[in-house]
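Enquirer: Letter by letter, the chains look like this.
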Amino acid sequence: AQSVTQPDIHITVSEGASLELRCNYSYGATPYLFWYVQSPGQGLQLLLKYFSGDTLVQGIKGFEAEFKRSQSSFNLRKPSVHWSDAAEYFCAVGAGGGSNYKLTFGKGTLLTVNP
Amino acid sequence: DTEVTQTPKHLVMGMTNKKSLKCEQHMGHRAMYWYKQKAKKPPELMFVYSYEKLSINESVPSRFSPECPNSSLLNLHLHALQPEDSALYLCASSRGGQFYGYTFGSGTRLTVV
Chain X
3 AQSVTQPDIH ITVSEGASLE LRCNYSYGAT PYLFWYVQSP GQGLQLLLKY
53 FSGDTLVQGI KGFEAEFKRS QSSFNLRKPS VHWSDAAEYF CAVGAGGGSN
103 YKLTFGKGTL LTVNP
Chain S
2 DTEVTQTPKH LVMGMTNKKS LKCEQHMGHR AMYWYKQKAK KPPELMFVYS
52 YEKLSINESV PSRFSPECPN SSLLNLHLHA LQPEDSALYL CASSRGGQFY
102 GYTFGSGTRL TVV
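These protein sequences, in sequence, are chains X and S. Take 3 as the starting number for the first sequence in my numbering and just add one per residue. Take 2 as the starting number for the second sequence in my numbering and just add one per residue.
Note that these hints are calculated values from the structure, not bench results. Keep in mind that the hints are not guaranteed to be accurate.
[What the hints assert, rightly or not] Below, a list of computed lysine-lysine pairs in the DSSO-like style, where the Cα atoms sit at most 30 Å apart:
| no. | chain 1 | residue 1 | chain 2 | residue 2 |
| --- | --- | --- | --- | --- |
| 1 | S | Lys-39 | X | Lys-51 |
| 2 | S | Lys-42 | S | Lys-10 |
| 3 | S | Lys-54 | S | Lys-19 |
| 4 | S | Lys-41 | X | Lys-109 |
| 5 | S | Lys-10 | X | Lys-104 |
| 6 | X | Lys-63 | S | Lys-19 |
| 7 | S | Lys-37 | X | Lys-104 |
| 8 | X | Lys-70 | X | Lys-51 |
| 9 | S | Lys-19 | S | Lys-41 |
| 10 | S | Lys-41 | S | Lys-23 |
| 11 | S | Lys-41 | X | Lys-51 |
| 12 | X | Lys-104 | S | Lys-19 |
| 13 | S | Lys-23 | S | Lys-54 |
| 14 | S | Lys-20 | S | Lys-37 |
| 15 | X | Lys-104 | S | Lys-41 |
| 16 | X | Lys-70 | X | Lys-109 |
| 17 | X | Lys-51 | S | Lys-10 |
[What the hints assert, rightly or not] Some but not every residue of chain S turned toward chain X, in silico, with C-beta under 7 Å:
| no. | residue |
| --- | --- |
| 18 | Pro-43 |
| 19 | Pro-44 |
| 20 | Leu-46 |
| 21 | Cys-69 |
| 22 | Leu-91 |
| 23 | Gly-102 |
| 24 | Gly-106 |
| 25 | Gly-108 |
Cβ coordinates follow ideal geometry from the N, Cα and C atoms, glycine included.
Let the sequences and hints guide you as you build the complete structure.
Expert: In structure tokens, the structure reads:
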């Protein structure tokens, strides 16, 4: 079965600093990988996704992520963090075929941005 | 319309009540999902409706009952809930294939008293 590990429960960065959120996955086949962001009390918004091709993918809000098969990682990055980026970030892996397809989420990383 | 709409946004119900959560999308998506999310936890999958077929998560108690009246609507019927069922209930939809992420609604904050 697939699984996702986000090693960092909480990260604090200063506004304007760079950001990297870590994600490691476990899945036997080619993974479908996603990053979502959730503001307090809100639903999840898709930031970016990867399923094939270029291993560096660009997303919304200036985020990017790099897929590294050798490390089973899909880390999220942003060169300069804005205060509005403070939120919970979830990495997810999609697996299964047809009606059995489902997303499995990591436990999330809470991002705090200091002024 | 690129949204998933969930109603109500907030719901407080007693343990003997019957209530329903509603989810609607008009993106032509063929798969819809119910997730439960406790505070500071990731979403947990409850039910999947994919191409009009319901996939049951055996770990979900029978006091939760999904219903899919048509391809745009997904309801979650609640009956005799417990206080530990208090959570954010999220609905999501997708095109139904592996290549697509999910579009999530903003959720219903449920409190069982």
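Enquirer: Now tell me if each hint is right for this structure.
Expert: Now the hints, each set against the structure:
1. Lys-39/S x Lys-51/X: 25 Å, holds
2. Lys-42/S x Lys-10/S: 19 Å, holds
3. Lys-54/S x Lys-19/S: 25 Å, holds
4. Lys-41/S x Lys-109/X: 8 Å, holds
5. Lys-10/S x Lys-104/X: This hinted pair holds, its Cα atoms lying about 25 Å apart.
6. Lys-63/X x Lys-19/S: 41 Å, violated
7. Lys-37/S x Lys-104/X: 14 Å, holds
8. Lys-70/X x Lys-51/X: Holds, at about 14 Å.
9. Lys-19/S x Lys-41/S: 27 Å, holds
10. Lys-41/S x Lys-23/S: 24 Å, holds
11. Lys-41/S x Lys-51/X: 23 Å, holds
12. Lys-104/X x Lys-19/S: 29 Å, holds
13. Lys-23/S x Lys-54/S: 18 Å, holds
14. Lys-20/S x Lys-37/S: Holds. Lys-20/S to Lys-37/S sits at ~16 Å (cutoff 30 Å).
15. Lys-104/X x Lys-41/S: 21 Å, holds
16. Lys-70/X x Lys-109/X: 20 Å, holds
17. Lys-51/X x Lys-10/S: 28 Å, holds
18. Pro-43: 4 Å, holds
19. Pro-44: Where the cut-off is 7 Å and the nearest Cβ of chain X is about 6 Å from Pro-44/S, the hint holds.
20. Leu-46: 6 Å, holds
21. Cys-69: Check failed: Cβ of Cys-69/S comes no nearer than 13 Å to chain X, outside 7 Å.
22. Leu-91: 6 Å, holds
23. Gly-102: Holds, because the Cβ-Cβ distance from Gly-102/S to chain X comes to roughly 4 Å (cut-off 7 Å).
24. Gly-106: Holds. Min distance 5 Å.
25. Gly-108: OK, holds: Gly-108/S within 7 Å of chain X, min 5 Å.
Hints 6 and 21, counting from the list given before, are not met by this structure.
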